[in-house]
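There are 2 protein chains.
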Amino acid sequence: MIIVGERINTSNKRIARAVEERDAAFIAKVARKQARAAADYIDVNAGTFLEREADCLCWMVETVQAEVDVPLCLDSTSPDALACAVECHRGEPMINSISLEEDRLRGLIPVIKSRPCKVVALCMFRDSMPTSAEERMAAGVELVGRLEEAGVERGRIYLDPLVQPVSVDFRSVDHVLGALGGLRERVMGIGTICGLSNVSFGLPRRRLINRCFLSLCMAQGLSAAILDPTDGQLMATLLASEALLGSDEYCQAFIEAHLAGRLKPEV
Amino acid sequence: MIIVGERINTSNKRIARAVEERDAAFIAKVARKQARAAADYIDVNAGTFLEREADCLCWMVETVQAEVDVPLCLDSTSPDALACAVECHRGEPMINSISLEEDRLRGLIPVIKSRPCKVVALCMFRDSMPTSAEERMAAGVELVGRLEEAGVERGRIYLDPLVQPVSVDFRSVDHVLGALGGLRERVMGIGTICGLSNVSFGLPRRRLINRCFLSLCMAQGLSAAILDPTDGQLMATLLASEALLGSDEYCQAFIEAHLAGRLKPEV
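Chains A and B are the protein sequences, given in the same order.
For the first sequence, this note's numbering begins at 395 and goes up steadily by one.
For the second sequence, this note's numbering begins at 395 and goes up steadily by one.
The set of hints was computed from the structure by calculation and includes no laboratory data.
A few of these clues could be false.
Copies of one chain are not kept apart here, so a pair can be met inside one copy or by any two copies together.
[To be verified] Okay, derived cross-link-like pairs now, DSSO-like style, lysine-lysine, Cα gap no bigger than 30 angstroms in a straight line:
id: 1; residue 1: 407; residue 2: 427
id: 2; residue 1: 407; residue 2: 423
id: 3; residue 1: 507; residue 2: 407
Starting from the given sequences, assemble the full structure and let the hints guide the process.
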């Protein structure tokens, strides 16, 4: 399972202030904490800065990479901001995200093809959020086709079925799980990715909901998750689920994490 | 989800002592705690008493029913002990369990037909533990056929795919999940049941493993679980999983449990 640390996002007020004030020490600290907590990528998102997004995102990339050796997940809806962020990123980033929207496709394909990277591809049609598993799968299949046509190899693509709050639609998790399982059958060799925390929006006990959701997605073969790696209960759930689902032979990683004191203790 | 409280089992030394000493107050206390924690059935198992099993089991049934109004899950491999326990049980018990073993089938079918009750049916062939999802499904289908032939309605049957420790075989959960999902498709209207705690045998952090396993089984439509209802984290996981899986519309039960302080708080 590829872990993408979600904490450096300017939708969080404390992060927004740090970016506004160019408080590199604060951003570096949040990056370091996530890297120590086993993040494989660190997400950076400056979407709230609107027309200053590209500048802010590049500063965030440089600030994080000055502190940790982990590659970044460059998170924006703007092809221009992503093109700038990719330019100042060392190594192989994850580009988050592309969709079937023509501007985004046209703007990002040259960026993706210009260097080794992974890309998150959203399972939605041009103008609206998907409302079923079937619609997510259809959009995912079409998007993989468009990317492959343009020369992007399937092994670099992570399909995101777009998690909606279960408080808004009680069938939304069912749709996401159906799409995750279905896409891995229909598109051999494809990766899948979810942002976990949207699922619990509007509900109490969000961390509890998020970690149950993680287990459920893992059972459908999820290959990457955008989550808070500093949430000890969540990471313990991840390791336990890997042991249960047979991807941790002899439960070796789970037992090692236990012996090393890395499993958050019971209450 | 039907919750069967697992705590009154003489494989636990403290329970065995209480049964040996006919310490009704202790057994009543364990029963009351489970009933308060929302158990729909309370399991009673005196298997360790061997030739005294039937006597002990009947005493346990009377002791628990003197204390709480919850029906019991009568848990034994012996048709004779089950027949005695059913006799002294008021109301509709769950009989746990029957299998394709001829003595068990012949001994129990008249007991099951003699009164309203549910029955747990083990997905194994006569002489050995199943080693795949397919074998579990084949045994389950055959057993349902035998029970229906004998006049037991499908709606009373709960198939148990037999959970093995993941520490012994890292694919065992995969087999159980495959069998749970498959049986519900192949045998319309059937119930399924699992004992959770066997899955974590031999591993550290058993309660963490058990609750992740519960979510995974629920995603495959599990209709009943034998578990410790006094484990607050487990019950919180159960409620969160029901909300996620769409069986708790508008997340109403989850939110109510939160407001009533019934969700064990985060660390």
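Status of the hints after comparison with the structure:
1. In this assembly of identical chains, residue 407 and residue 427 lie within 30 angstroms of each other by CA distance solely inside one copy; the values are 18 angstroms within and 44 angstroms between copies.
2. Taking the closest pair of Cα atoms, residue 407 and residue 423 come within 30 angstroms of each other only inside a single copy of the chain (16 angstroms); across copies the shortest separation is 50 angstroms, beyond that limit.
3. Taking the shortest alpha-carbon separations for residue 507 and residue 407, neither the intra-copy value of 34 angstroms nor the inter-copy value of 65 angstroms comes in at or below 30 angstroms.
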